[in-house]
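Asker: Going down the list, the sequences are from chains A and B. Residue numbers for the first sequence follow this note's numbering, so the first one is 1 and each next one is one higher. Residue numbers for the second sequence follow this note's numbering, so the first one is 1 and each next one is one higher.
The set of hints was computed from the structure by calculation and includes no laboratory data. Here a beta-carbon is modelled for each residue, glycine too, at the ideal position from N, C-alpha and C. Incorrect hints may appear among the rest.
[Said to hold, decoys possible] Selected chain A positions facing chain B (in silico; Cβ < 10 Å):
#, residue
1, 119
2, 203
3, 229
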Amino acid sequence: MRRQGRLTFWIGLALTAAVFSLAALSFFWSPYDVAVIDIGARLAAPSGAHWLGTDQLGRDVFAQLLVGARNSVGVALVALVIGAGFGAPLGLAAATLGGAFDEFVMRAADLVFAFPALLLAIMLTATLGPSGWNAILAIGLFSIPVFARVARGSALALLQRDFILAARAAGKGKARIAAEHVLPNVLDQLVVQATIQFSLAILAEAALSYVGLGVQPPSPSWGRMLSEAQTYVFLAPWLAWAPGATIFVAVLGLSLVGDGLRDLLDPKLRRTI
Amino acid sequence: MSGYFVGRLAALVGTLLVASAIVFFAMDTLPGDPATFMLGLSADPQSVAALRAELGLDQPLLARYLDWLAGMAHGDFGVSYTYRVPVAELMLERASVSIPLAIAALFLSTLLALGAALFAVSHRGKPGETVVLAAAQIGVAIPSFWLAILLVYFFANTLHWFSAGGFPGWDAGLWPALRSLFLPAVALALPQAAVLTRVTRAALLETLHEDYVRTARAKGASRWIALTRHALPNAMIPVLTILGLQFTFLLAGAVIIENAFYLPGLGRLVLQAIAQRDLIVVRGVVMLLVFAAILVTFIVDLLYAWADPRLSRRAPA
Numbered sequence: 001m002r003r004q005g006r007l008t009f010w011i012g013l014a015l016t017a018a019v020f021s022l023a024a025l026s027f028f029w030s031p032y033d034v035a036v037i038d039i040g041a042r043l044a045a046p047s048g049a050h051w052l053g054t055d056q057l058g059r060d061v062f063a064q065l066l067v068g069a070r071n072s073v074g075v076a077l078v079a080l081v082i083g084a085g086f087g088a089p090l091g092l093a094a095a096t097l098g099g100a101f102d103e104f105v106m107r108a109a110d111l112v113f114a115f116p117a118l119l120l121a122i123m124l125t126a127t128l129g130p131s132g133w134n135a136i137l138a139i140g141l142f143s144i145p146v147f148a149r150v151a152r153g154s155a156l157a158l159l160q161r162d163f164i165l166a167a168r169a170a171g172k173g174k175a176r177i178a179a180e181h182v183l184p185n186v187l188d189q190l191v192v193q194a195t196i197q198f199s200l201a202i203l204a205e206a207a208l209s210y211v212g213l214g215v216q217p218p219s220p221s222w223g224r225m226l227s228e229a230q231t232y233v234f235l236a237p238w239l240a241w242a243p244g245a246t247i248f249v250a251v252l253g254l255s256l257v258g259d260g261l262r263d264l265l266d267p268k269l270r271r272t273i
Numbered sequence: 001m002s003g004y005f006v007g008r009l010a011a012l013v014g015t016l017l018v019a020s021a022i023v024f025f026a027m028d029t030l031p032g033d034p035a036t037f038m039l040g041l042s043a044d045p046q047s048v049a050a051l052r053a054e055l056g057l058d059q060p061l062l063a064r065y066l067d068w069l070a071g072m073a074h075g076d077f078g079v080s081y082t083y084r085v086p087v088a089e090l091m092l093e094r095a096s097v098s099i100p101l102a103i104a105a106l107f108l109s110t111l112l113a114l115g116a117a118l119f120a121v122s123h124r125g126k127p128g129e130t131v132v133l134a135a136a137q138i139g140v141a142i143p144s145f146w147l148a149i150l151l152v153y154f155f156a157n158t159l160h161w162f163s164a165g166g167f168p169g170w171d172a173g174l175w176p177a178l179r180s181l182f183l184p185a186v187a188l189a190l191p192q193a194a195v196l197t198r199v200t201r202a203a204l205l206e207t208l209h210e211d212y213v214r215t216a217r218a219k220g221a222s223r224w225i226a227l228t229r230h231a232l233p234n235a236m237i238p239v240l241t242i243l244g245l246q247f248t249f250l251l252a253g254a255v256i257i258e259n260a261f262y263l264p265g266l267g268r269l270v271l272q273a274i275a276q277r278d279l280i281v282v283r284g285v286v287m288l289l290v291f292a293a294i295l296v297t298f299i300v301d302l303l304y305a306w307a308d309p310r311l312s313r314r315a316p317a
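Only chain A is shown next, with the shape it has when bound in the complex:
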């Protein structure tokens, strides 16, 4: 089981690294400027000059993919930081304090779960207008309860253990126990969850920008590249291959890393999903 976990982890890491290096590369180098429109070269098939072809405005698909990687990974990453940054402390506090606060946090989490993330984004964009920031906000808000639940669940199990009792007997307060004893021990699960949540955030960002609610033109994103490609799928099918495959590899890579990590950190957890 462990060997399988290790293999899953390394395959996932390789795929993830490939996508992340696309995003990193875009800061230093790009074959073409994505803002430059060249109607004469529109809908060109992949060739030596344009590795992945060009779109309906003659923009290079590979260059868009690179800059899109920066946008898609960036949106997902910031959303993840929001989700974990608010969710994990909330969950820890709920577990440690218990009582009415715990009840309140969990009911609020239920409520956010009742809103599909996309509907949340739709509400935000309907009022604030579509933008990358609103996509971040919607995805981030939706992942807060996920982290809160994982942190609370793991913390509750830990709080029954003897070493917590010992810390309490030693006169440590609730906040110190949560920070010094509970947090380090639930970090494993949070990291696993973060990896999986990262993959979901990339998927969500792609979906939002696909329906026009994410990063706005002319800044490219994988989702919008797909929605533009859809119109030309019979004329220029290559437009749909590259962005779709990139999203797929990014999501697959991260979810394999998450699965692999879960196996490596705790083989017993494997049975849960």
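Model the placement of chain B on the given structure of chain A, informed by the hints.
Answerer: Coordinates of chain B only, in the frame set by chain A:
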């Protein structure tokens, strides 16, 4: 059971009230004046004043919220600003596409997932299991809208089996309507089926270790009977949880898939309404979808109690 039911019902009503308040106030108070927002900055003051009166913006916020709630209780969701028809009418018309699509996708994904999970468990340790697991791993990572484009390219462009999108309407007959919903349902169902397969397989493996399954085998039940009659029903609780959660994802996914196939459903309605800044329609559709999601959670809770009578004897969590 009745105590449990009352508890869940109270939770349902409470959640609905809070959710409706969030939907209402988020859309009503955020960016200044909704009337100006809907008409755009270049609108003349008279139309803005007329729309303000129509929206009842001269009344206090709380009164408008209560009016809105009372209206919805009577099936009145207001009048669309761009279409000039009651929102309820619009939604009813569009729901005749979205609801069959969601049900078809739910049915398809459950069928596929149960089949794949049973196959994987009965081929434990053999290549068959590896194939199912690999397919599920891939399915989880495939964006449904990319799958939609690939399906259109393959089945509409190359094979000419289906049309690339659009919906002829139920008036065109049952078969043409169902045919145009088939590819969208597949695109919606496959990623969900992948998630469900993993959950069902894990739940089945868990129950297979239970004593009652071993007892059933010892009493001469075949492996298949032990699996389907004894392990499967007991594995249904985690599966139900995920099914309930998935319905919410299915609703959201339908918004995207309807867009990919140009289906005139609720999802397309809400996206078009955003583009036209028709807040009344956006609010109505979002509330309807949230209502559906919360209602499904409620039904799943009741199904739990039915699947596991021990739960209803405990106080609702």
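Asker: Does each hint hold? Answer for all of them.
Answerer: How the hints compare with the structure:
1. 119: holds (5 Å)
2. 203: holds (6 Å)
3. 229: holds (7 Å)
Going down the numbered hints, you'll see the structure goes against none, and every one checks out.
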